[in-house]
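Protein chains: 4
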Amino acid sequence: MSQQVHAVTAETAIDPDDITIAYLGGGSRQWAPNLIRDLAQSDLNGQVRLYDEYYESAQRNAEFGNWVHSDADVEPTSEWSYEAVESLEAALTGADVVILSTQYNPAETFVHDLDIPEDYGIYGAVAATIGPGGIFRAMRTVPLYRKFAAAIREHCPDAWVFNYTNPVHFVTRALYDEFPEINALGLCHEVLGTRHRLARYAREELDMDAERSDISVNVKGINHFTWVDEARCKGVDLWPVLEDLVDGDEGHQEFTWDDLEDESVFVDNWQVTWELFRRFDVLPAAGDRHLVEYATSFIQNGQEGLNRWGVKRTGSDYRAKHWTPAESDQTTDVEAWLEGDKEFELEESNEVFVDILRALVGRDTYVTNINLPNVGQVSDLEENAVVETNATVRANEVKPMAAGGFPRPVRALIQGHVDTIETIIEASREGDIDAAFEGFLIDQQIRTLQTEAARELFAELVAVQEGYLEDWDLSDSAVLEESEAYQG
Amino acid sequence: MSQQVHAVTAETAIDPDDITIAYLGGGSRQWAPNLIRDLAQSDLNGQVRLYDEYYESAQRNAEFGNWVHSDADVEPTSEWSYEAVESLEAALTGADVVILSTQYNPAETFVHDLDIPEDYGIYGAVAATIGPGGIFRAMRTVPLYRKFAAAIREHCPDAWVFNYTNPVHFVTRALYDEFPEINALGLCHEVLGTRHRLARYAREELDMDAERSDISVNVKGINHFTWVDEARCKGVDLWPVLEDLVDGDEGHQEFTWDDLEDESVFVDNWQVTWELFRRFDVLPAAGDRHLVEYATSFIQNGQEGLNRWGVKRTGSDYRAKHWTPAESDQTTDVEAWLEGDKEFELEESNEVFVDILRALVGRDTYVTNINLPNVGQVSDLEENAVVETNATVRANEVKPMAAGGFPRPVRALIQGHVDTIETIIEASREGDIDAAFEGFLIDQQIRTLQTEAARELFAELVAVQEGYLEDWDLSDSAVLEESEAYQG
Amino acid sequence: MSQQVHAVTAETAIDPDDITIAYLGGGSRQWAPNLIRDLAQSDLNGQVRLYDEYYESAQRNAEFGNWVHSDADVEPTSEWSYEAVESLEAALTGADVVILSTQYNPAETFVHDLDIPEDYGIYGAVAATIGPGGIFRAMRTVPLYRKFAAAIREHCPDAWVFNYTNPVHFVTRALYDEFPEINALGLCHEVLGTRHRLARYAREELDMDAERSDISVNVKGINHFTWVDEARCKGVDLWPVLEDLVDGDEGHQEFTWDDLEDESVFVDNWQVTWELFRRFDVLPAAGDRHLVEYATSFIQNGQEGLNRWGVKRTGSDYRAKHWTPAESDQTTDVEAWLEGDKEFELEESNEVFVDILRALVGRDTYVTNINLPNVGQVSDLEENAVVETNATVRANEVKPMAAGGFPRPVRALIQGHVDTIETIIEASREGDIDAAFEGFLIDQQIRTLQTEAARELFAELVAVQEGYLEDWDLSDSAVLEESEAYQG
Amino acid sequence: MSQQVHAVTAETAIDPDDITIAYLGGGSRQWAPNLIRDLAQSDLNGQVRLYDEYYESAQRNAEFGNWVHSDADVEPTSEWSYEAVESLEAALTGADVVILSTQYNPAETFVHDLDIPEDYGIYGAVAATIGPGGIFRAMRTVPLYRKFAAAIREHCPDAWVFNYTNPVHFVTRALYDEFPEINALGLCHEVLGTRHRLARYAREELDMDAERSDISVNVKGINHFTWVDEARCKGVDLWPVLEDLVDGDEGHQEFTWDDLEDESVFVDNWQVTWELFRRFDVLPAAGDRHLVEYATSFIQNGQEGLNRWGVKRTGSDYRAKHWTPAESDQTTDVEAWLEGDKEFELEESNEVFVDILRALVGRDTYVTNINLPNVGQVSDLEENAVVETNATVRANEVKPMAAGGFPRPVRALIQGHVDTIETIIEASREGDIDAAFEGFLIDQQIRTLQTEAARELFAELVAVQEGYLEDWDLSDSAVLEESEAYQG
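Residue numbers (UniProt numbering), protein chains in the order written: chain H, 1 to 488; chain Z, 1 to 488; chain V, 1 to 488; chain C, 1 to 488.
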């Protein structure tokens, strides 16, 4: 018998003029300044508590936030105050909204997620959310977020929790697994990017005046492996446009390393998207660099195989280089703005955080893609798995919109990843590392290895990241004991 | 394996300045004038084709509609033209929107739905949508609506179809059963009424400034047996208010015939609502007069039993008297307005038709309760059953919002009716009257009869309404042959 | 995700020559002598521990059992010893098999189950397993059987548990709810009786040489509301025979009190069976006296309504009279046999206990109907509900056979009872009497009452049986507090 | 709503003394002589019609069968006559039993199934039932078996159909898809082999007197990827034995080509079995050579990877060499027996055909593993998929036994193959080759290829086997048109 499940809702109304936001990971060098500027241009008021492992970074952001509302040469439409806090409790107590956005030092973690699997022949493109790298990122992150969920239950059970931390499906699932009544939303830009691109096609192919907000899609799947089976621009069906494009030059481009060498790692040529659309008649709605980790055919044949689709690997060097540890200096801009070395303006980001928040306090009805536990919005994936679909946000409520199911072959591709995620989440309850290995073993990327090679890869990743896996029981593991790579 | 089901959507955008509406049942004396006035005050433009069995009634409404936009002493904000048409094809061809709202002459049908079951001891309160009367109304109506669905498939497959005809669940289900790709919405006022009442409680108990549009509910169920498990006013949780009210005087009123004698049959004292809320902790969201036909305990003990809860029976005399056959004169008002005997004003109705239409053409994002095939929005009722939940309406799309499931006892009450409805719908495919009797036999109202009495009641209803049941195979029925009441 | 559920199995093989049976309720005056004789004629050997609230009755049965194997003038084919024990622990420790068959004093319980509902207009035929009487029997019995299950978990977790206690579905469900790994079988004679009757029809209509064991049926449902959709005699399809009979005189008999006055309460004229077969094309497989409590149409119109189908009520006077409290003398036969006043012979009973036991120790493969948690054997009832289907018994394993699902109307009738049972079982976990009332309220018999009358009936039954309901929390009940009949 | 599904049953009893068997593929050189000898030693009598594409082979077998019952120097316990027939209609009309066992000329088909995928890096071990080879075998075979099903519907709808043709899951599924009321059983030796091996362990480790028939298992899965989660020998739990073995030397053997060079391709060292048991705690129950095609980790790293587990590839040369086209001479033995060159004895095969048949005519209750549409016997795979579990066979009925579900990771591995199978079956309804390619693309073996390589492999296989794919629409395929390997 199905439980009486509702979608997320909070019990007490939020006062739009006195919103308290707790920002865990508030020392962020990029997202925090964006948030501060977006809030400054809103019709909402309140205070933000910045909490970070690196307190100084949080302080710097607090200083910047308060500067925007006092000394900067701009005219905010709202009033917000900022404060760096030194404890989780101080951040959370009485918060209306919690933002979760943290990351471990990639030099110690992420580079291994990419490089060690490569030694075994797995050429992940990002290695961030699924496959051996994604799974280990989840294994490091999930226990921490269980603690966050427990703290939220204790200090602000009714708060709206915005999770931006990857792997979004694993992490959001863990929050609900730990505290089922949490009001947590898993947020991601990929579907927004698809709508941006569809707006471009509407302009180019239909000569319409179109931007992202004019595009509506019926989206469903799991984060980074979402699919669209309806797309409209102001009500006009875009399917015929897509069918033309996939059959034409747009859908048939081939790339080599030479074409990509000077490109950003974020380059997206949509050739994976078109190929999957051609094969299955539904349109993937995430960047190609993410899709290839889920539709693993595309990462076969190493770099050449990947490049052919216009995808450039996000190498570990890139990540290590571009991730500035939070304790270090802020981005030049914040420093420069504060110092007056650069003119400061209230630009808007592309984030939808303020749009969602405005709807939650009753200022609007807003529809966007959100990762939430499945209560029926995806009809052929299991209940409770965290799925991504559109949701409608209104005063104090977020309800997913029923998005239906998938053609069988697409569902098969997705279901395999759900099985991995759910196996890992279940294993994480007791820190059962051998149970986690079962989820690892059935991962689509890893199935290209012999089981013994998979075991060694697993053990090697455990060995090198052991310091981040303290919530797992490494001492009583048959898998690790069998292995050569892990010496205990 | 679940099909790839989406919620309803149309392929082509509607031009807000050139909307074509086909109104089947357009001779209506009440709903049509409301529609005409609502459209006149909108920011949409177009033409309406009125089709009715009684052509003259359609003509009168057309005349009135055109008068509003030409000769009346008002200032419409829009331009609409009206035309009475003489064929289904003429009405439907190229229509963007179809309104379905028709009714058979109650003197020949509805009075029997009420009076004959009463002879068998079944004291229905309205007898309109479930129970022996509701089932026979369905048996008369479903075949006609299958024909409408077939005509829509032929002439305007992409149109948005608004069904207002009762029994809404049966009828909407039949439309989809006949033409699965139809974009049909089943619409009803009952949940709107609950939101009205909740707004009143918010004003009275919380001293809030509140009206219907400030109330959001999580609603789910089947039409006339919908339930709410969340209710907010501008984000403020109303559950504590409801719990206070049910425990106090408000929740403990008793009524007798003397209290009700002078009341309208529409009087709603919410005592059934409160009793069900007390028992099951979820709030019914339909008028008490409808609820009692689904939660059949309340129609036991005849009139006294029913009146105790403040419900007054909608007697057959009332219905026959108040239903003015469409071929007769329009309501005095339209006549009087046209004749200048009464001052005409552009009042707004409480209908949400124009609100939905504005969203469909892209002017708004609008949330309201709509009856749609279950694609997951109600997680513990079966796929394809027509369920009522909130839906989000945007340009050319209507998506139900995931509403979750029920506490087991409530689900049990609902499931029984779903089984009746689905059995009748399946029987209607081939006009199998004996299969329909199986659905009749398991109806909650009818289970208080011995099976032989149920058979005679069934046969007697068939006999008296035979002229409206021509799509059913009455000649080869074991049930009718066994019966005394039907002589074939 | 479905759990990895197997059907019941035990871990250790049973030695056919050293079987230890614990018999709870072993003071029984009828079933125990049958068991003793059946075992004496078997090819199995061991010991039986008799445990009973009335120790003397157990002692008498032990004396009788040992007498059969020593002093009686018969030649047992096996060796069995009997011992009365004074504690649950002494009975269960190390047992291979546990028999559960106990009953409360009906003068203090059962007569109320029948008579009080009758005051409210509910004319139950047996009132033993569903409806107000059955529910209260369950409410008394379930807590005791939870204790038995806990004791089995402690003392003999691997034992095979044969439950004969009514209501079999409630009780067997409670055993599994308390101790999910229990190897419990719910057993009942009704389906065996149907097979007996089908053998008679095979003899009479097909002139076959047939007895019960020649009849195979595909049976499914819940105990006392089981249905057959295939029936064969030695492979010959009996469906055409049944279709002839239902259409002829056999299927069209009517009865009055005069016809039944001199009959036993166990008289079964199959008119309910035929009427349900006629309506739904599947054959009920339980005595008519039980069926009418589940297909509640048949108990409408009081005694006359019931008698018309050839069913005679099992009045409370009958029960009180025929139930000889276990502490009193045994049946005349055992006394008479022991005293030599009556010749003793080793007759076989109709019980299948020894047949099942022989298969469990590896002597046979045996198929019979057994009540077990649903692991898929009934495809359209929920997992874990206790359902009755055929099962195949082999060495140390019992596996239900996949029996498929139901035509929708029949499923609807069954599902309603499953909802009642599951609601009560869930309520019993914490002794939540108000939650139990929700299950009571949705019962098919009780739905003919107004909710307030249902509440008073419930409260009155609680009041009169309070001494047997000590595991329920009666002190903090909103329902009882509202009531007049229960004064706390 | 779930359909009313039963397991397979026939309407009319079979006369054990006059059984008519139609054997399609009756020219078989190995299975037919086995059948003839098994029948000769049974207590059943009747006639066998042998039908084969190669009539002479059928004639030879008929001659041999009749010789056994007339001129051979043995004493059959039964009477059977044999006849070669020249049409499907002649074989099937009035048959009680149909045996399906045919194969295309491997030199033209099977060798390509193995060799062409190898060119793409897919090193299948048998390539017979899944992966590119298995899928193409299915694509050739399914249309033919749809025709057989249609002929059975026409000529002997009630017959018991024994399918031995691989891929058993695809083929059995196709029979039911074409004729849902067919009484078809999919049969395979693999689980029997597992029980053989378990008997050996019971002898060796527990010193029990054990043979295959003493072993009972709870088996479930799809053919060639079945799993056991309970195993007993005469009721004694074998799980502790298996856990010891997997941890010891038995479970830790490594092999190289040198170890295997002289072995038969059927060598089974159980190292795949043990590795999967170690990883997932359930025991696979099919030969390692089959398992590796479903648990595709084991076929990574080519020959070395495969050999390490003690599995030897069934090379295409082996198949071509050992398959003697049916039109050629029979095996030496039949010839030699007939000529008197070799002494003929009535040895029993290991086949269970006669055991099942004896139960079907009412002589026994027999339990064995059978492939059947899922009606609930496997609780977490979808309805209608053909699954393999135990079934109980009795007079004219075969009912699967409820076997429960899987641990999630194992279910994930199986579900992927079910998705492939169901996609291909659905594609085969209309011969939609592009839809079939979608099933091909999601196959676990093929996912190690880039999508374009998968397309070329597909096209190449189509090109080389085109003559066997005439029921597929090759002329209007986007996939083939894109390809280089298929020129149309």
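Be aware that a few hints might be false.
Same chains, same names: a pair is fine if it fits in one copy or spans any two.
As the list claims (entries may be wrong) - Listed next, the in silico EDC-like pairs over lysine to aspartate or glutamate satisfying Cα-Cα at most 16 angstroms (straight line): (1) Lys-234 <-> Asp-364; (2) Lys-234 <-> Asp-71; (3) Lys-147 <-> Glu-470; (4) Lys-234 <-> Glu-426; (5) Lys-342 <-> Glu-118; (6) Lys-147 <-> Glu-430; (7) Lys-234 <-> Asp-209.
Bear in mind the hints are in silico, worked out from the structure with no lab data behind them.
For which of the previously enumerated hints does the structure constitute a violation, in increasing order of number?
-> Checked against the structure, the hints that fail are numbers 2, 4 and 5, while the rest are satisfied.
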